[in-house]
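Protein chains: 2
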Amino acid sequence: MSDRPAPSPFPDRAQRLANRAAKRDALLLAAVRMFNERGFHATSLDEVAASLGVSKPTIYHHLGNKDQVLLECVLIGLKQLRGAAAIAAARPGRGIDRLRDFLVRYAQINMDDFGRCVIRTGDEALSPESAARFRSLKREIDTAMRDLIAAGVADGSIAPADPRLLAFTLAGALNWPARWFVAGGALNAAQVAEQMVEILITGVSPR
Amino acid sequence: MSDRPAPSPFPDRAQRLANRAAKRDALLLAAVRMFNERGFHATSLDEVAASLGVSKPTIYHHLGNKDQVLLECVLIGLKQLRGAAAIAAARPGRGIDRLRDFLVRYAQINMDDFGRCVIRTGDEALSPESAARFRSLKREIDTAMRDLIAAGVADGSIAPADPRLLAFTLAGALNWPARWFVAGGALNAAQVAEQMVEILITGVSPR
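These protein sequences, in sequence, are chains A and B. Each residue of the first sequence is one higher than the one before, starting from 1 at the first, in the numbering used here. Each residue of the second sequence is one higher than the one before, starting from 1001 at the first, in the numbering used here.
Watch out, some of these pointers could steer you wrong.
[What the hints assert, rightly or not] Residues of chain A clear of chain B, computed beta-carbon distances all greater than 12 Å: (1) Ser8; (2) Asp12; (3) Lys56; (4) His61; (5) Gly64; (6) Arg91; (7) Glu129; (8) Arg164; (9) Ser205.
[As the list claims (entries may be wrong)] To spell it out: a stretch of chain A is covered by chain B in this simulated footprint if at least three of its residues, at any positions, have a beta carbon under 8 Å from a beta carbon of chain B; those stretches are: (10) 81-88; (11) 130-141; (12) 188-198.
Simulated from the structure, these hints should not be mistaken for lab results. The beta carbon of each residue, even a glycine, is placed where N, CA and C say it ideally should be.
Next up, chain A with everything else stripped away, as it sits in the complex (with noise of 0.2 Å):
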């Protein structure tokens, strides 16, 4: 017989805390796939929460509102690509390679569910300040973008273009498998982020 004591029915401060990130996890995680999968205006409360057995007052006590919930989705979505832009700008090396790491990263997050949302999500859908917020904070990805560049093109690694233009274009590249990319297909999204990348950075016309 074992000497290790039988778990406490009494969790501890650890173990509740622990607890109760696991629960909001496990909500903020099947509010975002029904958001992507029927979008944020045909979702109800009600439903995500009975997709995981519990109430909506769940939701409120661990979430807020549904406008929260969504706030809440997009927030972790743009942390993800910060911390990727974050890796890219401090690894050393040419302006290109450290673009293409960033890209590679960017097109990943955006066809996981988090980022899926950021990209699915208007401005119009969050309340006034939080779509504030939320336009604040794409700004930061996309000026991280536009450094990697300049960099890049003050390196000679990239064609000299206008930083905007060129960041818009490749951004929008990039959002776009947010719309149509499914997993299971031939091609899982970590080849999909690699192939694309390589397109935009080759180009269409043959060198």
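Given chain A's structure and the hints, the job is docking chain B onto it.
Leaving out everything else, chain B in the frame of chain A:
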């Protein structure tokens, strides 16, 4: 004194039809601009009607309910895109030149009122039957783009690539201005379209 007869206060059949078409066009343009600016869900037909000094029953009479108005708007945008594809398919020349021609028109349409609505409308905003029709028409445009790519790969003017992934990459980049382009900036829609297509054709890294 002129011997031209005074215009009759009783319009003839041709005048009545032209008048009816002009009213319909004005209602559709007012609706699509409000959908694009505020989002479909946040737009009320009352406000669309008010912006033209008429009342909601006038919209019902000419166009139907809000879902039908949205469907009409996206059908106009899709017709413009199909027209651009037909022009590119019919013209002679290398695949890359026909593709460039199509992409520039495609991008410009997406920055205009009805094309913008095509891009901004998710399937979930339409009824299931309308959404199926919407998807099928978008697929036609996608197929036209892939055909131009295949022609260019065959004649050596386009670098070998997966036509599906290349089409998604190009379409995504050129759909995105529907979300950010604002008329009245440093570049007009035609210039943005030309420069973005040039970036996609030559690529990010120097040649």
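We went through each hint and held it up to the structure:
no. : hint    : in the structure
1   : Ser8    : 47 Å, holds
2   : Asp12   : 44 Å, holds
3   : Lys56   : 21 Å, holds
4   : His61   : 27 Å, holds
5   : Gly64   : 20 Å, holds
6   : Arg91   : 18 Å, holds
7   : Glu129  : 16 Å, holds
8   : Arg164  : 9 Å, violated
9   : Ser205  : 5 Å, violated
10  : 81-88   : violated (count 0)
11  : 130-141 : violated (count 0)
12  : 188-198 : holds (count 3)
Hints 8, 9, 10, 11 from the list above are not met by this structure, while the remaining hints are.
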